[in-house]
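My request is simple: use the sequences and hints to build the entire structure.
There are 2 protein chains.
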Amino acid sequence: MVAQCIKQYIGRGVVFASTAVFALTVYGQVSIAPIEVPSDINMAQAELGKKLFFDPRLSKSGFISCNSCHNLSMGGSDNLPTSIGHDWQQGPINSPTVLNASYNLAQFWDGRAKDLKEQAGGPIANPKEMAFSHAAAVKTLQTIPGYVAEFEAVFGDNRIDIDRLTSAIAEFEKTLVTPNSAFDKFLKGDKAALSAEQQAGYKLFTNSGCTACHNGPALGGTMYQKMGLIKPYKTDNPAQGRFDVTKNEADRMFFKVPTLRNVAMTYPYFHDGAVYDLGEAVKIMGELQLGRSFSAKEQAQIVAFLNSLTGEQPNFDLPILPPSAAHTPPPQPFKP
Amino acid sequence: MVAQCIKQYIGRGVVFASTAVFALTVYGQVSIAPIEVPSDINMAQAELGKKLFFDPRLSKSGFISCNSCHNLSMGGSDNLPTSIGHDWQQGPINSPTVLNASYNLAQFWDGRAKDLKEQAGGPIANPKEMAFSHAAAVKTLQTIPGYVAEFEAVFGDNRIDIDRLTSAIAEFEKTLVTPNSAFDKFLKGDKAALSAEQQAGYKLFTNSGCTACHNGPALGGTMYQKMGLIKPYKTDNPAQGRFDVTKNEADRMFFKVPTLRNVAMTYPYFHDGAVYDLGEAVKIMGELQLGRSFSAKEQAQIVAFLNSLTGEQPNFDLPILPPSAAHTPPPQPFKP
Numbered sequence: 015m016v017a018q019c020i021k022q023y024i025g026r027g028v029v030f031a032s033t034a035v036f037a038l039t040v041y042g043q044v045s046i047a048p049i050e051v052p053s054d055i056n057m058a059q060a061e062l063g064k065k066l067f068f069d070p071r072l073s074k075s076g077f078i079s080c081n082s083c084h085n086l087s088m089g090g091s092d093n094l095p096t097s098i099g100h101d102w103q104q105g106p107i108n109s110p111t112v113l114n115a116s117y118n119l120a121q122f123w124d125g126r127a128k129d130l131k132e133q134a135g136g137p138i139a140n141p142k143e144m145a146f147s148h149a150a151a152v153k154t155l156q157t158i159p160g161y162v163a164e165f166e167a168v169f170g171d172n173r174i175d176i177d178r179l180t181s182a183i184a185e186f187e188k189t190l191v192t193p194n195s196a197f198d199k200f201l202k203g204d205k206a207a208l209s210a211e212q213q214a215g216y217k218l219f220t221n222s223g224c225t226a227c228h229n230g231p232a233l234g235g236t237m238y239q240k241m242g243l244i245k246p247y248k249t250d251n252p253a254q255g256r257f258d259v260t261k262n263e264a265d266r267m268f269f270k271v272p273t274l275r276n277v278a279m280t281y282p283y284f285h286d287g288a289v290y291d292l293g294e295a296v297k298i299m300g301e302l303q304l305g306r307s308f309s310a311k312e313q314a315q316i317v318a319f320l321n322s323l324t325g326e327q328p329n330f331d332l333p334i335l336p337p338s339a340a341h342t343p344p345p346q347p348f349k350p
Numbered sequence: 015m016v017a018q019c020i021k022q023y024i025g026r027g028v029v030f031a032s033t034a035v036f037a038l039t040v041y042g043q044v045s046i047a048p049i050e051v052p053s054d055i056n057m058a059q060a061e062l063g064k065k066l067f068f069d070p071r072l073s074k075s076g077f078i079s080c081n082s083c084h085n086l087s088m089g090g091s092d093n094l095p096t097s098i099g100h101d102w103q104q105g106p107i108n109s110p111t112v113l114n115a116s117y118n119l120a121q122f123w124d125g126r127a128k129d130l131k132e133q134a135g136g137p138i139a140n141p142k143e144m145a146f147s148h149a150a151a152v153k154t155l156q157t158i159p160g161y162v163a164e165f166e167a168v169f170g171d172n173r174i175d176i177d178r179l180t181s182a183i184a185e186f187e188k189t190l191v192t193p194n195s196a197f198d199k200f201l202k203g204d205k206a207a208l209s210a211e212q213q214a215g216y217k218l219f220t221n222s223g224c225t226a227c228h229n230g231p232a233l234g235g236t237m238y239q240k241m242g243l244i245k246p247y248k249t250d251n252p253a254q255g256r257f258d259v260t261k262n263e264a265d266r267m268f269f270k271v272p273t274l275r276n277v278a279m280t281y282p283y284f285h286d287g288a289v290y291d292l293g294e295a296v297k298i299m300g301e302l303q304l305g306r307s308f309s310a311k312e313q314a315q316i317v318a319f320l321n322s323l324t325g326e327q328p329n330f331d332l333p334i335l336p337p338s339a340a341h342t343p344p345p346q347p348f349k350p
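If you read the sequences in order, they're chains Y and S.
Just so it is clear: in the first sequence, position 78 is 92 by this note's numbering, and no numbers are missing.
Just so it is clear: in the second sequence, position 269 is 283 by this note's numbering, and no numbers are missing.
No wet-lab data here; the hints were simulated from the structure.
Some clues are possibly wrong.
Claimed, not checked - Straight line, CA to CA, 27 Å or less: simulated DSS-like cross-link-like pairs of lysine-lysine:
| id | chain 1 | residue 1 | chain 2 | residue 2 |
| --- | --- | --- | --- | --- |
| 1 | S | Lys349 | Y | Lys248 |
| 2 | Y | Lys65 | S | Lys65 |
| 3 | Y | Lys202 | Y | Lys188 |
| 4 | S | Lys349 | Y | Lys188 |
Claimed, not checked - DEER-style ranges, computed between Cβ atoms:
| id | chain 1 | residue 1 | chain 2 | residue 2 | range |
| --- | --- | --- | --- | --- | --- |
| 5 | S | Asn56 | Y | Asn140 | 40 to 48 Å |
| 6 | Y | Lys217 | S | Ala163 | 25 to 33 Å |
| 7 | S | Ala210 | Y | Glu326 | 43 to 51 Å |
| 8 | Y | Asn56 | S | Thr157 | 35 to 43 Å |
| 9 | Y | Asp54 | S | Asp171 | 44 to 52 Å |
| 10 | Y | Lys128 | S | Asp129 | 46 to 54 Å |
| 11 | S | Asp204 | Y | Ala339 | 22 to 30 Å |
| 12 | Y | Pro52 | S | His341 | 31 to 39 Å |
| 13 | Y | Glu166 | S | Glu263 | 33 to 41 Å |
| 14 | S | Asn56 | Y | Ala163 | 32 to 40 Å |
| 15 | Y | Pro52 | S | Thr260 | 54 to 62 Å |
| 16 | S | Glu132 | Y | Lys128 | 48 to 56 Å |
We put the beta carbon where it would ideally sit given N, CA and C, even for glycine.
Set out below in C-alpha cells:
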C-alpha cells in the first residue's frame with residue numbers, strides 16, 4: 015500500500031496509518047459509513063442561519079452571499095475553478111462544497127478554521143471574498159427589524175454579534191447532509207441499489223487504496239494528504255495547503271482530503287479546480303496518489319461508483335429575507 | 015389634476031388620460047384591484063423555467079443567474095441602486111422587481127421588451143449583464159443531460175432553443191405573483207386588514223392623484239409617465255426612458271410606472287435607485303409628479319399604506335440544478 019508510510023493527520027493528531035490503511039481497504043468495512051441526518055439540530059437557529067446563508071447583506075457589495083460560492087442548487091459549490099469575490103476578484107482556490115461539511119476534521123482546504131462556525135466568519139471579512147468586516151455585517155443586521163426579532167426569538171435576547179451570527183450559519187450548515195444515495199442504500203443492505211458496474215467500481219475503489227484517504231461517512235474530510243504523493247502535481251496555483259497554516263516543510267502540499275459525496279455535482283476538481291471531467295480526475299488521482307494507471311474500463315467503473323454518491327440534496331423553501339430599514343447602511347457595490 | 019393633459023401610453027396605444035384619471039382617483043374604484051393567482055400556468059414549463067431562472071450557466075461567467083439581480087429572497091430585486099454585471103460592470107439602471115411583472119404593459123423601465131419572454135432573452139446576451147449569447151447559452155444547456163430530458167418532457171421533443179428557453183423562464187415568472195397582502199384583504203372586504211393610519215394613507219394616495227399612474231392590480235406597470243412631471247428630476251443617470259427606444263422627443267424621461275406591490279422590499283427607488291428611504295421617495299414623488307408637499311403626517315400615512323402592499327412572497331423549494339457533463343463548455347468567469 016503506497017499510503018502506508020505516509021504521515022497523515024487524522025483528527026487533530028498525527029498518526030502513521032500503516033495498520034489503519036489495511037482496515038480501510040477491506041471491501042465494505044465500517045470506516046465507510048452511510049450519511050446520517052443529524053438529530054441534534056437547533057432548528058430555530060438553523061432557520062435563522064438559512065436566511066443569513068442566503069443574505070448578500072453580509073458582503074460589502076450587498077451582492078455576494080454564502081450561497082454565491084456554496085450554491086445549494088449546485089452541490090453546495092459554485093462549479094467554477096476558483097471563486098469570484100468582491101469587485102470580481104479571482105479567488106485563490108476552488109470553493110469546497112458545503113454539503114456534508116460537518117464531517118470535515120476542519121474547514122477550508124488547508125484546515126485553517128477548526129469548525130463550521132469559525133469558517134463562516136472567514137469569507138465575510140476576506141477582502142477578496144465578501145470584503146466586509148464582522149463589525150459592519152453585525153451593524154447591518156442590527157438595523158434590520160426582522161433579524162432583530164428573530165435573533166431575540168432564537169437566542170433569548172436581541173443582541174446580534176458575530177458569535178451568534180456565525181453560530182446560526184453553522185447550525186444551518188449542519189443540516190446540509192445528503193443521505194440516501196444509492197451507495198447509502200447499498201451500504202444499508204439493498205444490494206440492488208448499485209449496478210454491477212458500480213459494485214465493481216466500489217471494489218476497485220477500496221482495493222486500490224482510494225479509501226486510504228477517502229474514508230468516513232463523507233468519503234473524505236477525515237485527514238490531510240499530500241497532493242502529488244507519488245508524482246508531483248503540476249499547477250500554477252500557489253496554494254501550499256497545511257504549510258500555509260503551519261509553515262512546517264513537512265506540510266507542504268498537504269490538503270484536506272475532499273469529500274467524494276455528490277462528487278458528480280461538485281466539479282471542477284482538485285484545490286485548483288483544474289479538471290472538469292470526473293474520469294480524468296480519477297485517472298490523475300490514480301497516477302499521482304497511487305502510482306497506478308487505471309484502464310479505461312476501471313476508470314469507468316470507478317466513475318460509475320462515484321455517481322452513486324449523489325445523495326438527497328437539501329430540500330427547503332427558498333428563504334425570504336427580512337427587508338432593510340431606511341437607516342440600514344446601504345451596500346457599497348462599486349467601492350473596491 | 016396635474017396628470018390630465020399628459021400624454022400617456024396605456025397598453026400599446028396612446029391616449030389622453032383626462033377622463034380616465036378622474037375615474038382612477040375616486041377612492042376605492044375598481045381600477046385598483048387585488049392580485050390574483052393565475053390559473054393558466056403550464057406547470058411543467060414553469061418548473062423548468064424555475065431551474066433556468068436560478069441557473070448561472072446562462073451567463074458567460076457561470077456565476078450570474080436571473081435570480082442574481084431579481085433575487086426572489088429579496089422582493090425580486092437586488093436591492094442595489096444599479097445592478098452588478100459580468101466582470102463587476104456597473105449596470106445602467108435599477109433592477110425592477112420580477113414580482114407581478116406579468117401585469118406590466120411591457121418589460122424594462124423603457125418598455126423595450128414587449129413581454130416576459132422577450133425580456134428573458136435580454137440580459138443573457140447583454141455584455142454588461144450576463145455577457146453570454148443566446149447560441150452559447152443554448153449550446154451549454156444542450157450538453158446537460160438533465161435539461162435535455164426535461165425539455166423533452168415539457169415540449170414533446172428534446173430540442174433546446176432560445177425560444178423554448180425564454181418561454182419556460184417567462185412561464186415561471188408568471189407564477190411570481192404576491193397575493194393576499196393586507197391591502198388585498200381590505201379590497202376584498204376585510205376592512206380591519208388595514209389600520210386607521212393605512213386607510214388614511216390609502217385615501218390620501220388615491221385623492222392626491224398617485225393612482226393616476228399607480229393603478230391596476232399591480233399599482234403600476236400600466237403606462238409610461240414622465241419622471242419629473244412638475245419639476246425636473248435631477249440625476250446623473252443618463253437613461254431617458256421611452257426616448258431611448260422611440261427617439262421621439264416627447265418620450266424623453268417617460269419611464270414605465272413601477273409597480274408599488276412589495277415596495278417595502280424593492281428599495282432603493284426610482285430608475286436610478288437613488289433613494290433607499292420609502293418616506294423620502296413618497297416626498298419626492300409628491301413634489302416632482304404632483305406638485306404637492308406632503309406633511310410629515312401625510313407622508314407617514316402613505317408609507318403605512320404602502321407597507322400594506324407586501325404580499326405573500328413566492329413559496330417554493332430551492333431548485334436543484336442538473337449537473338453539467340464532462341463535455342459541457344466550461345464557464346469563462348475571468349475572460350471579460
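Checked hints:
1. S:Lys349 / Y:Lys248: Holds: S:Lys349 and Y:Lys248 sit about 23 Å apart, inside 27 Å.
2. Y:Lys65 / S:Lys65: 20 Å, holds
3. Y:Lys202 / Y:Lys188: 22 Å, holds
4. S:Lys349 / Y:Lys188: 36 Å, violated
5. S:Asn56 / Y:Asn140: 40 to 48 Å: 44 Å, holds
6. Y:Lys217 / S:Ala163: 25 to 33 Å: Because 30 Å falls inside the window, the suggested range holds.
7. S:Ala210 / Y:Glu326: 43 to 51 Å: This hint holds: roughly 50 Å between Cβ atoms.
8. Y:Asn56 / S:Thr157: 35 to 43 Å: 42 Å, holds
9. Y:Asp54 / S:Asp171: 44 to 52 Å: 49 Å, holds
10. Y:Lys128 / S:Asp129: 46 to 54 Å: For S:Asp129 against Y:Lys128, whose Cβ atoms are near 53 Å apart, the range 46 to 54 Å holds.
11. S:Asp204 / Y:Ala339: 22 to 30 Å: Because 27 Å falls inside the window, the suggested range holds.
12. Y:Pro52 / S:His341: 31 to 39 Å: The hinted range 31 to 39 Å holds for Y:Pro52 and S:His341, with Cβ atoms some 37 Å apart.
13. Y:Glu166 / S:Glu263: 33 to 41 Å: 56 Å, violated
14. S:Asn56 / Y:Ala163: 32 to 40 Å: 39 Å, holds
15. Y:Pro52 / S:Thr260: 54 to 62 Å: Check passed, 59 Å falls within 54 to 62 Å.
16. S:Glu132 / Y:Lys128: 48 to 56 Å: 52 Å, holds
In this structure, the earlier hints numbered 4, 13 are contradicted, and the remaining ones agree with it.
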